[in-house]
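Colleague: These are the residues of each chain, in order.
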Amino acid sequence: MKAVELKQVSFSYDGEKKVLDNVDFFAEYGEITLISGASGQGKSTLSSIICGIIPNVNEGVLNGSVLVDGEEMQGKRLGTICRKVGIVLQNADEQIVHKIVEDEIAFGCENLAFAPDDISSKINEVCKLMNIDPKWKTRSLSGGQKQRLITASTLAMGQKIVILDEPLANLDKEGSELLMSILRSLCEKGYCIIISEHRLDMIMPYADKVWHMEKGKIKQIEDAFSYLSGQSKQIDDVCPRFISKDYAFRLENVGFSVKDRKILDDVTVAIPKSGRVVLLGENGCGKTTLLRLISRLYKPTKGRITQNIDERFGQKNKGSRKWFKSVGIVYQNPDYQLFMPTVRAEIEFGAQSKEYAQCVMERFSLAHLADRHPHSLSEGQKRRVSIAAVLASRPQVLILDEPTVGQDYEGLKSLVDILNSEHIDSGNTMITVTHDVRCAKALCDIAVVIKDGKVASIGGKDKVDEFFSLSKD
Amino acid sequence: MEEKTTNKTEEKKSNKFKIKDIVFLAIITACTLVTGAVMPLLVNVPLFGIIQLGLGLQFSLFPVIGMMKVRKPGALIFMAVFISLFLVFMFPPMVMIILCAVVAEGVVLLFFRGYKSDWACVTAGTLYMPLTIPLLYLYYNAFYTVNGEEKQAVSMFIGSSNVGMAVGISFAVIALCFVGSVIGMLISRELRKAGVLKK
Amino acid sequence: MSFFRIKKNVYPLFAIVASIAIIVYALVMAKRASCSYFLIGAYFWIMIFGCFRSCLRMLPIYIIVGGLFSALFYLATGVASSALTMANRFGGIFLAVAIGMSVESVTMTRNLSQLRCPRSVTLGMLIATSFTTVLRTEINRVRESMKTRGAGSILNPKIFYRAFLIPFVTRLVKISDTLALSVETRGFALGKVEYTVYKKENIAFSDILFLVGIIVGGTLAVVL
Chain A
1 MKAVELKQVS
11 FSYDGEKKVL
21 DNVDFFAEYG
31 EITLISGASG
41 QGKSTLSSII
51 CGIIPNVNEG
61 VLNGSVLVDG
71 EEMQGKRLGT
81 ICRKVGIVLQ
91 NADEQIVHKI
101 VEDEIAFGCE
111 NLAFAPDDIS
121 SKINEVCKLM
131 NIDPKWKTRS
141 LSGGQKQRLI
151 TASTLAMGQK
161 IVILDEPLAN
171 LDKEGSELLM
181 SILRSLCEKG
191 YCIIISEHRL
201 DMIMPYADKV
211 WHMEKGKIKQ
221 IEDAFSYLSG
231 QSKQIDDVCP
241 RFISKDYAFR
251 LENVGFSVKD
261 RKILDDVTVA
271 IPKSGRVVLL
281 GENGCGKTTL
291 LRLISRLYKP
301 TKGRITQNID
311 ERFGQKNKGS
321 RKWFKSVGIV
331 YQNPDYQLFM
341 PTVRAEIEFG
351 AQSKEYAQCV
361 MERFSLAHLA
371 DRHPHSLSEG
381 QKRRVSIAAV
391 LASRPQVLIL
401 DEPTVGQDYE
411 GLKSLVDILN
421 SEHIDSGNTM
431 ITVTHDVRCA
441 KALCDIAVVI
451 KDGKVASIGG
461 KDKVDEFFSL
471 SKD
Chain B
1 MEEKTTNKTE
11 EKKSNKFKIK
21 DIVFLAIITA
31 CTLVTGAVMP
41 LLVNVPLFGI
51 IQLGLGLQFS
61 LFPVIGMMKV
71 RKPGALIFMA
81 VFISLFLVFM
91 FPPMVMIILC
101 AVVAEGVVLL
111 FFRGYKSDWA
121 CVTAGTLYMP
131 LTIPLLYLYY
141 NAFYTVNGEE
151 KQAVSMFIGS
161 SNVGMAVGIS
171 FAVIALCFVG
181 SVIGMLISRE
191 LRKAGVLKK
Chain C
1 MSFFRIKKNV
11 YPLFAIVASI
21 AIIVYALVMA
31 KRASCSYFLI
41 GAYFWIMIFG
51 CFRSCLRMLP
61 IYIIVGGLFS
71 ALFYLATGVA
81 SSALTMANRF
91 GGIFLAVAIG
101 MSVESVTMTR
111 NLSQLRCPRS
121 VTLGMLIATS
131 FTTVLRTEIN
141 RVRESMKTRG
151 AGSILNPKIF
161 YRAFLIPFVT
171 RLVKISDTLA
181 LSVETRGFAL
191 GKVEYTVYKK
201 ENIAFSDILF
211 LVGIIVGGTL
221 AVVL
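Protein chains in written order, with this note's numbering: chain A, 1 to 473; chain B, 1 to 199; chain C, 1 to 224.
In short, the hints are calculated from the structure, not lab data.
Glycine included, C-beta positions come from ideal geometry on N, C-alpha and C.
Incorrect hints may appear among the rest.
What the hints assert, rightly or not - Pulled a few chain B residues facing chain C out of the computed Cβ check, cut under 7 Å:
id, residue
1, Ile19
2, Ala30
3, Cys31
4, Pro40
5, Leu110
6, Phe111
7, Phe112
8, Gly114
Stated by the list, open to error - Mimicking DSSO-like on lysine-lysine, the simulated pairs with C-alpha atoms at most 27 Å apart in a straight line are:
id, chain 1, residue 1, chain 2, residue 2
9, A, Lys209, A, Lys233
10, B, Lys193, C, Lys200
11, A, Lys17, B, Lys20
12, C, Lys158, C, Lys174
13, A, Lys325, C, Lys158
To be verified - Computed Cβ-Cβ distance ranges for the label pairs, DEER-style:
id, chain 1, residue 1, chain 2, residue 2, range
14, C, Cys117, B, Arg113, 27 to 35 Å
15, C, Ile159, B, Phe111, 31 to 39 Å
16, C, Ile61, A, Cys239, 50 to 58 Å
17, A, Trp136, C, Lys192, 33 to 41 Å
18, A, Asp223, C, Thr137, 29 to 37 Å
19, A, Asp417, C, Ile159, 29 to 37 Å
20, A, Arg77, B, Arg113, 26 to 34 Å
21, A, Ser426, B, Phe111, 52 to 60 Å
22, B, Phe111, C, Pro118, 26 to 34 Å
23, C, Lys199, A, Arg77, 25 to 33 Å
24, B, Lys198, A, Lys189, 37 to 45 Å
25, B, Phe111, C, Tyr37, 34 to 42 Å
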């Protein structure tokens, strides 16, 4: 019997525009099934239908047959469906309600009226499986641990069919591999795992079946290996060979600690002017802290950072308004940085001139969205607006913290091309933190590998290859 | 007749609270509480209306956003219940805020017949906090009476012996809450237009 | 240290009753010196019953705030008793907050669930209590983004509205949507549904002793 089977399923939110169109899909027990495709093609809608979010929470017109474990799910309440299918949503951080790991895992079990003794044994079982401690405080967990916690709290509910929506988005190589190997072991125990993910390079060794979604249609890929290889190839670098002349920042024995915890220690590195530096390292190694120190959001607790951008800014590590015009920072989540009522106003805010803002809008292919509210755009478009808004002030330094999270291949490629062409035109210094093997080389002249708060090695593009192949091993 | 009954059933169904409503109202409550953490400092300052002046803006702005998203009768009462579970540890008399929410919702249902209109949310947000003024006034009088010092509460509160000033402060609180409510409405309208604030 | 922690947490409903009792006693008897004795006694009493950390945490804040207001009132009136009144009133409130701080949101929620409190209330309470940390992080991130985009001072109402409130509320809505879905797909349902409580909160002898101690102490301070 198939774990999940969809027959001629169509869905529309408004009754007119079909998000899914006569979809036939299946997933089996003992297999990892991957649903791939660009953003906005209907992957999340498909997952929501299987786990009953549609039509129980998100309403719309659903036609066709949805069979879970051989049973028709249409017309069943979410409370019934969730006993059979578990879903691990994106953004684990936003889903944690309890302070202690144990309580968070118990939450789902309590709702399904498991006996307290059963809950206790389930907690121990899934904590062991997910490599987390039931007594840990949830707020002090790393991104990877939070993702494993939310997965554990779903698994504890005992469903044999588990859907994961972009589980690797915020995980480094190590964290991704750990999660994927755990999912593989679950498959061997007879679970049906369905994953919707953009980082196909990570999934490749683990997926048993691959489905491709496009414009609301889905088809099974026969030659999964060549499909996944094509979708996860590295993006080419278009920038000319970089020759270092001067430095923009020089860090000497820089350290940063919070209370007794050392986050960075003895970091000595020079960031070349007009160069592109990529910071590599596992989750929690101190990359983001390093970015914050360079951008003057934090002050080092040890050592010295010298800037060579402009004499006016001095060397006191104080971030003024003028400083942030010269040092532009783009966050992983664009929601924080967008606040104006239209895209045009957003880009004009802080821009050198209205004409230049218009020019930036065109370069980022945003001119047709100029009168839209920034928060009404898709995630990919919002990211482009946030980068465009920062670049409109013509910063000499552009700092990017995980700018590619959740991007499909095409979206990622266009983003990298824009960043590089802007770099060629303006000669800015670009510092990027990324876990994404697809774009790391294309954004790199110099790679700095951070490990346990220290600089482990520095090199060129070869260091990127070395880093990713080492973590693969 | 049948159509009317169906409409009523549908209205009843749509007025039922869903999990997403409860979650949003709870988060909005947490927000109100975080920004209203000055409460323990204000409760003992003997100034007429000081609590309401100190908390009026956030206790109108955030609840209005909650009501503008949920738009169901009882939304304000829900928030008041959540808030009072905390206020009980800071200043138990402020638990009367539940009563104020009931009155404010009653007024809105009477005049607007629900929360369909944005101004219904603004009205509820504007009335909510100012209604605590007379209740706290009564509380202090009752409490001081227990203490054997009749009407000392009245003289203790600077301005309350001067009727004009008490009325002035009350109007200032209402104005502040109105401003907070309008800001809440403007934010909600903008986010609704952007598709962020969906019902 | 473990000597002072007879029980990790007081029975949640008793904690609420004790808080109310302390505040009421402190307000009613604020002008009397016996109120101060009662509050000092209550401080050590609640410390023994598992509120050790929160009591220690509240002490410096009380000394600063209570001291400041007492000094202000002494300077304004010139009468020592008004300073004592303020010190007692703040003492009562800070003690109540210390008790509140020591009650974990999960135990309070489970206690209310055990007593068959409506699920909407228990869920709301759980989220409202656990979200203060998340909110603090969100506020910091929005403020940092304001800084990096050169939005200007948060004290400017226009900037506060545009650059702070709009992104902040957007984030709240998004967090709320994700959390609601997560809660629902983890089997939470409203209405009359079957559910269990993983760790039940039971009344222990120490809880009764704790509450009786507060009430007897307060009553003695009134009577004597």
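Colleague: None of the hints should be skipped; say for each whether it holds.
Modeller: Hint check:
| no. | hint | result |
| --- | --- | --- |
| 1 | Ile19 | holds, 5 Å |
| 2 | Ala30 | holds, 4 Å |
| 3 | Cys31 | holds, 6 Å |
| 4 | Pro40 | holds, 5 Å |
| 5 | Leu110 | violated, 25 Å |
| 6 | Phe111 | violated, 27 Å |
| 7 | Phe112 | violated, 23 Å |
| 8 | Gly114 | violated, 20 Å |
| 9 | A:Lys209 to A:Lys233 | holds, 20 Å |
| 10 | B:Lys193 to C:Lys200 | violated, 46 Å |
| 11 | A:Lys17 to B:Lys20 | holds, 25 Å |
| 12 | C:Lys158 to C:Lys174 | holds, 23 Å |
| 13 | A:Lys325 to C:Lys158 | holds, 21 Å |
| 14 | C:Cys117 to B:Arg113: 27 to 35 Å | holds, 30 Å |
| 15 | C:Ile159 to B:Phe111: 31 to 39 Å | holds, 35 Å |
| 16 | C:Ile61 to A:Cys239: 50 to 58 Å | holds, 55 Å |
| 17 | A:Trp136 to C:Lys192: 33 to 41 Å | holds, 35 Å |
| 18 | A:Asp223 to C:Thr137: 29 to 37 Å | violated, 45 Å |
| 19 | A:Asp417 to C:Ile159: 29 to 37 Å | holds, 34 Å |
| 20 | A:Arg77 to B:Arg113: 26 to 34 Å | holds, 31 Å |
| 21 | A:Ser426 to B:Phe111: 52 to 60 Å | holds, 58 Å |
| 22 | B:Phe111 to C:Pro118: 26 to 34 Å | holds, 28 Å |
| 23 | C:Lys199 to A:Arg77: 25 to 33 Å | holds, 28 Å |
| 24 | B:Lys198 to A:Lys189: 37 to 45 Å | holds, 39 Å |
| 25 | B:Phe111 to C:Tyr37: 34 to 42 Å | violated, 53 Å |
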